[in-house]
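S.K.: Top line first, the protein sequences correspond to chains A and B. Counting in the working numbering, the first sequence runs from 98 upward without gaps. Counting in the working numbering, the second sequence runs from 322 upward without gaps.
Some clues are possibly wrong.
Sample of chain A residues facing chain B (criterion: CB under 7 angstroms; computed from the structure) [what the hints assert, rightly or not]:
hint	residue
1	P242
2	R343
3	S345
4	V362
5	A366
6	E372
By construction, these hints were calculated from the structure, which means they are not laboratory data. C-beta: ideal position from N, C-alpha, C; glycine also.
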Amino acid sequence: MIRPESLLCPKPEGLYCAPGDFFVDPVRPVTRAVITHGHSDHARAGHGVVIATPETLAIMEERYGRDFAGSVQALGYGESISRDGVEVTLVPAGHVLGSAQAVVRWKGLTMVVSGDYKRRRDPTCPPFEPVPCDVFISEATFGLPVFRHPDDRHEIAKLLRSIEQFPERAHMIGAYALGKAQRVIRLLREAGWEKTIYVHGALERLNRLYEAHGVALGPLAPATTGAKQDFAGEIIIAPPSALADRWSRRFPDPVAAFASGWMQVRARARQRGVELPLVISDHADWDELTATIDELRPGELWITHGREEALLRWAELHDVPARALALVGYEDEIED
Amino acid sequence: MRAFAELLDRLSLTASRNAKLTLLRDHFTNAPDPDRGWALASLTGDLTFHAAKPAFIRKAVEARMDPVLFGWSYDYVGDLAETVALVWPARPGANREPELSEVVDALRSASRSEVQRLIETWLDALDPTGRWALLKLMTGGLRVGVSARLAKQAVADLRPVPVSEVEEIWHALRPPYEDLFAWLEGRSERPTADAPGRFRPVMLAQAIDEEVDFGKLAPNDYAAEWKWDGIRVQAVNEGGVRRLYTRTGDDISRTFPDVIEALEFEGAIDGELLVLREGAIAPFADLQQRLNRKSVNDKLLATYPAGIRAYDLLADGGEDTRVLPFARRRARLEDFVARLRTSRIDLSPLQPFESWSELAELRRQPPVGDAQIAEGLMLKRWDSVYEAGRPKGPWFKWKRDPFLVDAVLMYAQRGHGKRSSFYSDYTFGVWTEGVDGARMLTPVGKAYFGFTDEELKLLDKYVRDHTVDRYGPVRAVRADVRHGLVLEVAFEGLQRSTRHKSGVAMRFPRINRIRWDKPAGEADELAALERMLERMEAR
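The following block holds chain A by itself, in its conformation from the complex (with noise of 0.2 angstroms):
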């Protein structure tokens, strides 16, 4: 039996295919490199070739320009490209828009990079699809037995009661600009919200792209027209960092509501002024990553970031063989 090691190692740049010659979600400019996902984080310009769904490179292109990268190859879900004996497969991580699994084979040895995944029904993008492997990597963002996300419909229901509730005052959510934001509009579509929903600049580019990529998003408005009282019970979506900013004077006594894994925890919610947490996280809970691991049980599990120590404790209490990768680089989903 090949060493998964011979195959896929830690490198300061990312997670490093030697066989193949390439990278997963390197973070510096490299030669070759296979893209899970958007996510900036895991997406960065200046590579020679790219490797990701459609989707991803149409993100990268809208995120970075037309030069992102010297040459690309888009690969749609299922399929698949070989190299020098290496065979990449993308499959659907259930994340966001575009988002995959980098499924490598060679010599017998299957090696699954998730990427960030959720298990959950997305509106957004085709749901995570289980591959049995030999080592699967995870990443662990939510890996504290406190992070239990709640059905999002829930959190959705919670919002609009909320404007019932306070009709003279305005919401607004705090979301990240790639995939969140175009999933709580999705959410809200689907609960009924058939107004106009009004959005932060920095989300119009990328909500045009999800539209173009078949996600109807329903009638949505800049949020930079209008007087004061217009914003009355209606909708505002931004990034979170403009919760507290300046920019959120506009609106009418605004509740200031964020989408996010974190705000499970009070404390963090309280941090950030946020008075109405909405539960809604595009990543695995706690949940999610146990039971991932307990229905491939793969060889090994390798876990790439987050918060490792808890899992590796869990996967030691269930005899799953663990490692973490403490690759650094990739951040936490909240962004300020």
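Here the structure of chain A is known, so what remains is to put chain B in place on it, guided by the hints.
M.R.: Showing chain B alone in chain A's frame:
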């Protein structure tokens, strides 16, 4: 339980008073009896359980999950109830979610071992918010930023009636307050207030507007007395039921057994609770040693003896004296106090005067004795009846001018709620000499009000433009001899403090004026505050 849990959840993160009232009103309108009554009792502090102790919860959770993982979770969250609520392994469908009233009934009546078993089955059935609310309820301290008075205000708004009407009958009511809700919803008569030892809603004074009011008021229509620096209380003894209430009707009898023992009378007096030593008032800091304590010991009672300086009589024997004019009540009060055989209750003397200018002079330079540490003067119309609330005209407070100091802005912190986009909490300092002999600033206080909305915008901009460092929500602002913003800070008093590096603590500091014109180097020295403190103590 779900509606109650969601109410607590929202309240715990809501800063604005109006928004809290909306949440409370909605709950009291929509929740059924008796659940809403228990919710009200939990918020007013009228619900305590003895059988449920928090210690077993930790054991129960550690029996269900790896203690190491629990320990890391607790480290991360920092609050036991919240951690347990989040990590408790859910068993959906195992049980039905309990109603609040079921929980309360069981906690009140079941034995300790039964309660533990019940709590575990409830935790299995509830969602994390429900579990959190259950644990908060069980351990007593809700700490969701709602005072008893605010909860009563929300209830009063249901009809609506003034909150004093609810306070007046409050002590005759028992949870779950079905009679109270029935009255407020117009389904029955107002519940009777005739419980012995009940609280009577207090009469409050308007702040006088010197420019306007004195021109309209005749000096001989008013009595004047000193405004004492303690806390307003109502002391009642009716048919052997003795109670001591704060001005919002909170029962503080248990904290002041020495005062309760001294209530050898039949009636109700309105007065100031103070630490009294041989008839002289001790500083407010001494009274603070006695406030908010659950248990008191003999040493505390001996070191900080409490008493009441009486200024009004609300009931005399079985007679309600509130309908009498102040002049009559005052005469009755003087007789009433003279008959008491205790040194713990004395009379707040009237301060005779002929003209407003004479009174103004007395206020500026109070006579020797307790008046020197009074907060100012009270004016009461001789013909005024005792009327709950804050009527305009019969009573005025005329506070002593505040102390002023010029300090330099050092740090600013983001506000909450409406002010979360503003740096609105300001820490300021005065000059002192460092070890190397150079002048340096030492923080002496923090203030977050006293300025207008326009001034707040300017202060916020100043902070953003002059930030030299950041620590989370706090910004350090450039402040040295040549650069810095001088704030004129007004405050009501000074105390020595071991918790502050400067050794002094201010009472009610607020920003009186922004001195855009004044160079930072000309702000006050710490020595100036120390001299003020010495003068106050030398009384």
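S.K.: Work down the list of hints and note, for each, if the structure agrees.
M.R.: Okay, the hints, checked on the actual structure:
1. Interface restraint check for A/P242: the shortest CB-CB distance to chain B comes to about 5 angstroms, inside 7 angstroms, so the restraint holds.
2. The interface hint given for A/R343 holds, since its Cβ lies 6 angstroms from the closest Cβ of chain B, which is under the 7 angstroms cut-off.
3. Below 7 angstroms, beta-carbon pairs count as interface contacts, and A/S345 has one with chain B at about 5 angstroms; its hint therefore holds.
4. Checking A/V362 against chain B by beta carbon gives a least distance of about 6 angstroms; that is within 7 angstroms, so the hint holds.
5. A cut of 7 angstroms between beta carbons decides the hint on A/A366: the least distance to chain B is about 6 angstroms, and the hint holds.
6. Annotation: interface hint on A/E372 holds; nearest CB of chain B at approximately 5 angstroms, less than 7 angstroms.
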